[in-house]
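Chain by chain, the residues:
There are 2 protein chains.
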Amino acid sequence: MDRIFLKNITLDGRQVDIFISDGIFTSITPHSCETPLAAEGSEIVDCSGKTVMPGFVNMHTHAAMTLMRGIGEDMCLSDWLDHIWAIEAHLDEPFIYWGTKVAALEMIKTGTTAFNDMYWFSPIARKAAEEVGLRNMVSFTFLDNFDPSAAEHQKESCIAMHETVPSWGPRSSFAVSIHSVYTVSEPLILWVTEYARKHGLKIHVHIAETEKEVVDCRKAHGGLSPVEYLDSLGVLGPDVIAAHTLWLSDKDIEILGSRKVNCVHNINSNLKLASGNFFKADELAAAGANICLGTDGCASSNNLDMLEAMKTTAIVQKAMRHDPAALPLPDLLKMATANGAKALGANSGKIEEGYEADLQIIDTDSTFFLSPGPFLANFVYSAHSDCIVSLISGGRFVMRDRKVPAEREILEGGRAELELLKNIDK
Amino acid sequence: MDRIFLKNITLDGRQVDIFISDGIFTSITPHSCETPLAAEGSEIVDCSGKTVMPGFVNMHTHAAMTLMRGIGEDMCLSDWLDHIWAIEAHLDEPFIYWGTKVAALEMIKTGTTAFNDMYWFSPIARKAAEEVGLRNMVSFTFLDNFDPSAAEHQKESCIAMHETVPSWGPRSSFAVSIHSVYTVSEPLILWVTEYARKHGLKIHVHIAETEKEVVDCRKAHGGLSPVEYLDSLGVLGPDVIAAHTLWLSDKDIEILGSRKVNCVHNINSNLKLASGNFFKADELAAAGANICLGTDGCASSNNLDMLEAMKTTAIVQKAMRHDPAALPLPDLLKMATANGAKALGANSGKIEEGYEADLQIIDTDSTFFLSPGPFLANFVYSAHSDCIVSLISGGRFVMRDRKVPAEREILEGGRAELELLKNIDK
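If you're matching them up, the sequences are chains A and B in order.
All you need for our numbering is the position in the first sequence, starting with 1, plus 1.
All you need for our numbering is the position in the second sequence, starting with 1, plus 1.
Think of the hints as simulated: they come from the structure by calculation, not from any bench.
From the three backbone atoms N, C-alpha and C, an ideal C-beta is built for every residue, glycine too.
Don't take every hint at face value.
The calculated DSS-like cross-link candidates involving lysine-lysine, where the alpha carbons are at most 25 angstroms apart (straight line), are [unchecked claim]:
id : chain 1 : residue 1 : chain 2 : residue 2
1  : B       : 8         : B       : 351
2  : B       : 261       : B       : 199
3  : B       : 404       : A       : 51
4  : B       : 343       : B       : 199
5  : A       : 199       : A       : 156
6  : B       : 51        : A       : 423
7  : B       : 423       : A       : 51
8  : A       : 404       : B       : 404
9  : A       : 51        : A       : 8
10 : A       : 404       : A       : 8
11 : A       : 213       : A       : 252
12 : A       : 404       : B       : 51
13 : B       : 252       : B       : 220
14 : B       : 51        : B       : 351
15 : A       : 343       : A       : 261
Covered stretches of chain B, going by a simulated chain A footprint (3 or more residues, C-beta under 8 angstroms) [said to hold, decoys possible]:
id : stretch
16 : 61-71
17 : 266-272
18 : 364-375
19 : 416-423
Counterexamples of contact, computed for chain A against chain B with all Cβ distances above 12 angstroms [claimed, not checked]:
id : residue
20 : 35
21 : 38
22 : 169
23 : 196
24 : 224
Using the sequences and the accompanying hints, generate a full structural model.
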């Protein structure tokens with residue numbers, strides 16, 4: 002395992018030295034000109050003029066959809082879905098492998114050290130993420146479209162996949178995904194929930210992404226909203242990661258809060274697909290929910306850049322609440338880091354001794370940081386992710402000075418997959 | 002004047018050679034392996050794998066406010082204004098010079114070749130912009146706060162400033178700014194309008210930025226909205242550049258359209274200050290207005306990045322209209338380029354023979370462009386401005402491979418000014 006000594010780096014406005022060993026922040030001390038004995042033999046990195054931040058935790062992705070971004074732009078949803086489904090009908094392991102690698106490369110270059118994925122061929126996605134060094138939670142996705150034979154097949158496949166988990170690395174975990182209340186039958190929702198609870202797996206689910214989902218659910222389930230319906234089935238709890246949670250009643254908010262659900266906002270996707278624009282961040286947090294941030298898949302959002310997602314989230318919250326003081330920067334930062342880590346059950350998301358060493362190193366030598374304002378305002382509101390020059394994930398450099406070792410290979414692998422896609426699209 | 006031959010560059014999906022001389026696109030021809038006689042002696046630049054786009058035209062800035070960005074974040078407007086005014090009380094020429102230079106550097110690094118500025122000490126701002134090679138329209142700003150003696154003083158100052166214009170370079174122009182209906186008296190609005198029309202100057206004005214502005218205006222002016230009031234004074238016409246135009250009645254839209262006013266949307270500023278969120282882009286364009294894009298000043302927006310402004314504009318339009326097909330990419334691109342050039346009266350904003358050579362060169366070798374979708378979707382929705390590797394403004398390179406010659410000097414000059422600000426803030 003790497004031993005790294007980050008010398009003279011800025012942390013919350015103070016100059017510190019950070020010693021990382023065994024993947025953990027072993028010591029964080031005020032900067033001194035001398036290197037301590039404990040750090041001898043470690044790689045010493047002079048970080049003068051640089052600032053350290055926790056790595057981002059992207060709490061909702063469909064990673065391999067990087068290879069579908071830009072398909073069907075400026076189209077209505079039904080036309081767009083036709084384009085996506087034409088490709089998804091031909092998904093295979095190489096597509097998932099290279100699509101996830103491209104996603105991981107993009108996440109690394111934009112400061113993300115961990116992500117929570119809902120897609121297909123998850124052991125392959127896990128392998129791609131592990132190879133480049135990102136923490137990942139991947140899932141078996143249930144989507145039976147109310148077909149009992151599909152449900153049976155998926156249960157078997159999930160169990161088989163779960164059996165491979167013991168061989169996975171320490172920064173990869175396995176979860177189950179219930180795609181949504183409009184694509185998964187009630188018996189299957191109940192089975193998945195029981196299976197997850199029995200095995201201690203997180204449950205990842207799309208909830209209340211569109212108004213139509215809520216209207217249709219109330220019709221189908223005796224007036225219950227998606228939140229009420231899932232709660233009536235016993236699904237909701239602190240082990241649930243709920244993507245979107247956009248169209249919520251006051252009662253829904255109360256339920257999500259009291260069940261301590263992890264609610265993931267994906268602003269760029271919501272705006273671009275015209276799903277909705279008002280995530281009730283304050284209300285959910287006040288009720289007891291753990292609010293997190295994600296990007297959604299690249300086919301809808303259209304990138305995996307958490308810094309961009311932070312800015313859009315903040316300014317849209319201010320606009321929707323008619324209050325420029327809404328969603329202050331420290332709260333926003335937690336949504337993008339510590340809250341996500343908490344949802345994943347990871348001892349990460351903070352730059353503190355004893356936490357896993359997941360961090361970004363920021364170069365502030367640009368116009369974007371030339372300002373009398375605080376670092377965090379410049380980072381979120383002014384800068385772009387190219388200010389993130391290096392990334393350490395689980396105590397290892399995965400990017401140094403904007404260079405990712407496997408970048409060229411990943412871009413070539415991704416392009417080769419795109420060539421194959423061209424034939425499908427015809 | 003530079004003579005440049007851009008060889009094998011992608012333009013609208015085709016490979017072309019572009020010859021630039023005397024600041025103009027002299028020829029654009031299908032790529033050939035041979036260099037034509039006309040281009041002999043010019044600088045030949047191999048652009049294989051790169052894409053050309055028109056430079057952005059930022060139609061609403063307060064450029065020198067770069068030095069105030071990040072002040073008073075997450076505060077309500079009145080507290081924020083206290084912070085801004087404490088600094089603005091001490092504005093001087095060095096502040097404007099270095100603030101505008103920092104702004105110009107940021108605009109260059111984010112693909113902008115022309116900007117329309119409303120701020121103080123305009124000849125100094127013009128000098129700063131000219132030195133780094135950006136087209137600029139700067140203005141004398143009228144803001145008398147209904148004080149007749151201030152109005153008289155400003156008239157004299159404007160005339161004196163206008164007299165210096167003949168010595169300005171060909172890519173700098175002089176305009177007048179009427180700050181707003183709530184800060185400029187009626188007699189002064191009338192005088193400025195007459196002065197502008199007599200001398201062929203554009204009129205830059207904030208209109209209907211906030212709901213309060215509209216409510217107050219209707220109270221003060223017999224029920225007239227800001228648009229109706231300014232129209233009743235004869236202000237509105239195709240020579241008017243109206244920033245914001247957010248809070249509009251149907252009648253306002255009809256007036257702005259029939260007067261062919263240039264309406265500038267500044268989405269990030271509008272959202273962040275919670276001014277409003279629904280720019281009626283389609284309605285204004287259909288009525289006959291020329292819709293453009295801007296960033297506003299850095300103290301509110303908080304950067305000058307037009308590519309970021311394009312993405313936010315597009316996705317917010319889709320969300321507000323509940324239509325993912327709203328504001329298609331080609332229309333959005335025009336807002337950020339050709340429409341702005343038209344408003345400035347510049348023969349620019351398009352990559353066509355005979356137009357001024359204002360262009361960006363885009364490097365697509367990244368995950369953001371690894372997609373089956375069109376270039377424009379990747380550029381706007383996925384990528385960030387660091388994909389813009391080179392910029393030619395008025396036929397001259399102002400950035401090459403992300404390097405701007407004066408960058409180091411500008412950052413140092415800006416930082417020295419910030420040191421002085423610290424004393425003021427206390």
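Status of each hint after checking the structure:
A distance of roughly 18 angstroms separates the Cα atoms of residue 8 of chain B and residue 351 of chain B; the hinted pair therefore holds under the 25 angstroms criterion. Taking the CA atoms of residue 261 of chain B and residue 199 of chain B, the gap is near 19 angstroms; set against the 25 angstroms cutoff, the hint holds. Restraint check for residue 404 of chain B and residue 51 of chain A: the C-alpha separation of about 21 angstroms stays at or below 25 angstroms, so the hint holds. Under the criterion of a C-alpha separation no larger than 25 angstroms, the hint pairing residue 343 of chain B with residue 199 of chain B is consistent with the structure, at around 21 angstroms.
Proposed proximity of residue 199 of chain A and residue 156 of chain A is supported: the alpha carbons are some 14 angstroms apart, at most 25 angstroms. Of the supplied pair hints, the one linking residue 51 of chain B and residue 423 of chain A holds, its CA atoms being roughly 22 angstroms apart against a limit of 25 angstroms. Restraint check for residue 423 of chain B and residue 51 of chain A: satisfied, since their Cα atoms lie roughly 22 angstroms apart, inside the 25 angstroms limit. At roughly 18 angstroms between alpha-carbon atoms, residue 404 of chain A and residue 404 of chain B fall within 25 angstroms of each other, so this suggested pair holds.
Between residue 51 of chain A and residue 8 of chain A, the direct Cα distance comes to roughly 10 angstroms. Compliance with the 25 angstroms bound is thereby established for this hinted pair. For the suggested pair residue 404 of chain A and residue 8 of chain A, the alpha carbons sit about 20 angstroms apart, so the restraint of at most 25 angstroms is met. Taken as a hint, the residue 213 of chain A and residue 252 of chain A pair is honoured in the structure, with Cα atoms around 18 angstroms apart against an allowance of 25 angstroms. Pair hint residue 404 of chain A plus residue 51 of chain B holds up; C-alpha atoms about 21 angstroms apart against a cutoff of 25 angstroms.
At roughly 17 angstroms between alpha-carbon atoms, residue 252 of chain B and residue 220 of chain B fall within 25 angstroms of each other, so this suggested pair holds. The straight-line distance between the Cα atoms of residue 51 of chain B and residue 351 of chain B is roughly 17 angstroms, inside the 25 angstroms bound, and the hint therefore holds. Taking the CA atoms of residue 343 of chain A and residue 261 of chain A, the gap is near 12 angstroms; set against the 25 angstroms cutoff, the hint holds. For the stretch 61-71 of chain B, the stated coverage by chain A holds: 5 residues have a C-beta nearer than 8 angstroms to a C-beta of that chain, and at least 3 were required.
With 3 residues having a beta carbon nearer than 8 angstroms to a beta carbon of chain A, the stretch 266-272 of chain B meets the requirement of three or more and the stated coverage holds. Three residues within the 8 angstroms Cβ limit are the bar, and the stretch 364-375 of chain B against chain A gives 9, so the coverage statement holds. Only when three residues or more bring their CB closer than 8 angstroms to a CB of chain A does the claim for the stretch 416-423 of chain B stand; here the count is 4, and the claim holds. Every beta carbon of chain B lies more than 12 angstroms from that of residue 35 of chain A, the smallest distance being close to 30 angstroms; the non-interface claim holds.
Listed as outside the interface, residue 38 of chain A is consistent with that label: its C-beta sits roughly 37 angstroms from the nearest C-beta of chain B, beyond the 12 angstroms cut-off. For residue 169 of chain A, the shortest C-beta to C-beta distance to chain B comes to about 25 angstroms, beyond the 12 angstroms cut-off, and the non-interface label holds. Even its closest Cβ contact with chain B, about 35 angstroms, leaves residue 196 of chain A beyond 12 angstroms, as expected for a residue assigned away from the interface. Non-interface status of residue 224 of chain A relative to chain B is upheld: no Cβ of that chain comes within 12 angstroms, the nearest being about 24 angstroms off.
In summary, the structure agrees with every hint in the numbered list given earlier.
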